[in-house]
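*Asks:* One-letter residues, chain by chain:
2 protein chains.
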Amino acid sequence: MTQYNIALIGFGGVNRALAQLVADSNERWDAELGLRLNIVAVTDLYFGSVISPNGIDARMLVDTNFAKGGFGQLSGGSAEACNERVIRHAPADIVVEATFTNPVDGEPAVSHCRWALERGKHVVTTNKGPVALASDELKALAARNGVMFEYEGAVMSGTPVIRMARKTLAGAGIYGFEGILNGTSNFVLGRMEGGLGFADAVKEAQSLGYAEADPSADVEGHDVRLKVVILANELLGGKLAPKDIACEGISGVTVADIETAAQEGYRWKLIGSASVAEDGRIEARVAPRRLPLDHPLAGVGGATNAVSFKTGLLGAVTVTGPGAGRIETAYALLSDIIAIHQAGSGASKKEAA
Amino acid sequence: MTQYNIALIGFGGVNRALAQLVADSNERWDAELGLRLNIVAVTDLYFGSVISPNGIDARMLVDTNFAKGGFGQLSGGSAEACNERVIRHAPADIVVEATFTNPVDGEPAVSHCRWALERGKHVVTTNKGPVALASDELKALAARNGVMFEYEGAVMSGTPVIRMARKTLAGAGIYGFEGILNGTSNFVLGRMEGGLGFADAVKEAQSLGYAEADPSADVEGHDVRLKVVILANELLGGKLAPKDIACEGISGVTVADIETAAQEGYRWKLIGSASVAEDGRIEARVAPRRLPLDHPLAGVGGATNAVSFKTGLLGAVTVTGPGAGRIETAYALLSDIIAIHQAGSGASKKEAA
Chain A
44 MTQYNIALIG FGGVNRALAQ LVADSNERWD AELGLRLNIV AVTDLYFGSV ISPNGIDARM
104 LVDTNFAKGG FGQLSGGSAE ACNERVIRHA PADIVVEATF TNPVDGEPAV SHCRWALERG
164 KHVVTTNKGP VALASDELKA LAARNGVMFE YEGAVMSGTP VIRMARKTLA GAGIYGFEGI
224 LNGTSNFVLG RMEGGLGFAD AVKEAQSLGY AEADPSADVE GHDVRLKVVI LANELLGGKL
284 APKDIACEGI SGVTVADIET AAQEGYRWKL IGSASVAEDG RIEARVAPRR LPLDHPLAGV
344 GGATNAVSFK TGLLGAVTVT GPGAGRIETA YALLSDIIAI HQAGSGASKK EAA
Chain B
44 MTQYNIALIG FGGVNRALAQ LVADSNERWD AELGLRLNIV AVTDLYFGSV ISPNGIDARM
104 LVDTNFAKGG FGQLSGGSAE ACNERVIRHA PADIVVEATF TNPVDGEPAV SHCRWALERG
164 KHVVTTNKGP VALASDELKA LAARNGVMFE YEGAVMSGTP VIRMARKTLA GAGIYGFEGI
224 LNGTSNFVLG RMEGGLGFAD AVKEAQSLGY AEADPSADVE GHDVRLKVVI LANELLGGKL
284 APKDIACEGI SGVTVADIET AAQEGYRWKL IGSASVAEDG RIEARVAPRR LPLDHPLAGV
344 GGATNAVSFK TGLLGAVTVT GPGAGRIETA YALLSDIIAI HQAGSGASKK EAA
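Residue numbers (the numbering used here), protein chains in the order written: chain A, 44 to 396; chain B, 44 to 396.
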């Protein structure tokens, strides 16, 4: 059994769900996977920070209703979020970055990742910012320091996409992909198929917790664009930045468009896609598209996400699953940690009986 | 770069397609994956057998129109299929078993695998027989001899299912699956949705090469049953044999059934499924089922296959792709070889510059 010390950066829904999994599942992971997780530090802008080299009780962390600055009342705690100190100095093998996505420059998450990797700590993250905007630098930094930088959850929460391509489709010749990469917009299009107008469908998505108060990142395609950057660079060897990708959302799609499409055997979907052109350039875009009903993505309904890989040897291979959710996204972090474990490279991991 | 010597057992469509891939892609694999394949032996009931320790030219093997016993004319060749001699004595690191599936006792493929593993050779196979009927014995034999026994292609040709579960869904808590695991029957049901009767739809599948002269293994669910055995034992830790699984095919489904279902918002599909019941027993079956249109498998059309994993942390995660095809199935063998390569356990592999 290998125990990994982890530091949680950000204690919002996702890292709280990971702490819940640690509290619930460590015994099972020990038996089934040969690993245990030990939370040695947590830092959060609202709650403050705490370092405890022997480990913080995960159950206590999840069950306590901390107030603003509440981590200051814990042994080894501070009412302030001392992110840099925690990341650099807590005795963590793995830093778990789950702060907010900054789509402009990725900060402060890029710095969080950099500090960890520089200190020889593995990084796992669900944050699209560092992966879309700084992955070349961060991958090189990880390689130089002999640690891993893993980010399965940056695309479709726990549904495997990046690891699926790497581990199960190597050699199949992936030359492109098409994806439904935003659950909110897919839900809205589905409700519009039921006759609801765009604005009402967005309101319903908001009331169900799918869409944020400002839904523009979802419905205007900006969230999808970051994911297309990540997948194009990861799967196709691209060097794309968000500005390289033409991006159109679904706010221009009308109920009449959707009804006409249905009559003609089509369905509107917001598609993020990229493929390698004959000259080797990568063509990527985000746009609503009319898919024929036999297209692999046409049947993906509700808030579900999917990516269809275009491969030379297999044709289209499609993976469909959740694209969001606290537990689902926390599982992505767990799957990254399992990948680190299976690669046998846990930096300062402790071997125990 | 690592070169693996491989022996091809059976030279029908699948291993011929693998030889084609070797002829076409060795240079690319060298650059992208760090491996090359060298065919050192081939044996086939019709063509005979050949052993060539320095390697057989893959292009020649694919391009030559061999007659019955034709391998006898090659240097190191014999007009007879000396399977046991080839498997035991050819200097292969990996034995590639792609003979016919025997659904009763798995022979002679089980013996082929046994001979190879006993001699410390890895085995990769697309043959459902040994995997469904003897996998416990063969896995134990592989472990004792420090080699790998891989069989991704036994379920959905090159579409990853077994490796997807192992490598990308570890820890997600897979407790069941549902699959469309036979392209012929799915094609027939699709044509029946177009109004064709069962017999005519089967004839069309035969004329397109999807269905065999005797289509019963496909349409009566026996092929699916073997795949359910493989997946239930692999993913759920079962110890099932085919006789443990109730099996009903699609020959009893009528066009009227299908039309009624369509009117009510359902679609008939032949589903192979298994799940772990509350008492820990595995419940598995093969039967036609009426799926609601929002079911993850309802939209899978034509000869395409799919498996939907039921997981504790992610809900349903579904992979959809080809379930047959010569090149697609040969890719499964390649993906198994890549897995052996990535595990770093190529038995007598040669390291070269």
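Check the hints yourself; a few may be wrong.
As the list makes no split between identical chains, a pair holds if one copy fits it or if it spans any two.
[As the list claims (entries may be wrong)] In the SDA-like style, the derived pairs of lysine to any residue whose C-alpha atoms are separated by at most 20 Å in a straight line are:
#1 Lys-353 with Glu-263
#2 Lys-182 with Gly-119
#3 Lys-111 with Glu-180
#4 Lys-246 with Glu-180
#5 Lys-182 with Ser-154
#6 Lys-246 with Glu-321
#7 Lys-353 with Ile-370
#8 Lys-182 with Lys-246
#9 Lys-111 with Ser-154
It should be emphasised that the hints constitute simulated quantities derived from the structure, not laboratory data. This one's a predicted model, so the numbers in the text were calculated from it and none came from an experiment.
*Asks:* Taking the hints in turn, state whether each one holds.
*Replies:* Against the structure, the hints come out as follows:
no.	hint	in the structure
1	Lys-353 with Glu-263	neither (25 Å within a copy, 32 Å between copies)
2	Lys-182 with Gly-119	neither (32 Å within a copy, 49 Å between copies)
3	Lys-111 with Glu-180	neither (34 Å within a copy, 59 Å between copies)
4	Lys-246 with Glu-180	neither (40 Å within a copy, 58 Å between copies)
5	Lys-182 with Ser-154	within (14 Å within a copy, 46 Å between copies)
6	Lys-246 with Glu-321	neither (43 Å within a copy, 40 Å between copies)
7	Lys-353 with Ile-370	between (29 Å within a copy, 15 Å between copies)
8	Lys-182 with Lys-246	neither (40 Å within a copy, 54 Å between copies)
9	Lys-111 with Ser-154	neither (24 Å within a copy, 67 Å between copies)
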